[in-house]
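Construct the entire structure; sequences and hints are all you get.
Quick note on numbering: this note's numbering labels position 24 of the sequence shown as 24, and the sequence is numbered without any gaps.
Among the hints, a few may not be true.
Using 16 Å as the maximum straight-line C-alpha spacing, the simulated EDC-like pairs for lysine to aspartate or glutamate come out as follows [as the list claims (entries may be wrong)]: (1) Lys10 / Asp34; (2) Lys6 / Asp20; (3) Lys6 / Asp19; (4) Lys10 / Glu42; (5) Lys10 / Asp20.
No lab work stands behind these hints: they were computed from the structure.
Predicted, not measured: the structure shown is a model, and the values here were computed from it.
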Amino acid sequence: MRRSGKPVRKCYTCLLNLDDHCWLFHYPRGQWHDLRRCPAFENPDVYRSFTAWQKQPDVKTRRELRREFFRRRRRKHAHHDPLAGRR
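Here it is as structure tokens:
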């Protein structure tokens with residue numbers, strides 16, 4: 001069985017649910033299985049550390065900066081006219 005990092009239905013209202021993965025746990029389903037309650041669900045200490053993490057500045061890698069630059073760059077012509085220089 002392949003372990004998925006995707007949160008389960010019980011994680012729907014949790015602040016740590018980032019849609020495709022949980023912020024704290026690699027395998028959220030395992031947190032609910034034995035205890036019947038995730039230790040991070042509605043835990044104010046964990047939520048405080050999560051909001052502090054969100055407020056940290058976002059440092060972009062060179063690859064991300066390069067991609068943003070080339071996506072914003074304007075192009076002169078969308079197509080090439082092969083007959084433009086033949087007159």
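*Checking against the hints above, which ones are violated?*
Violated hints: none; all satisfied.
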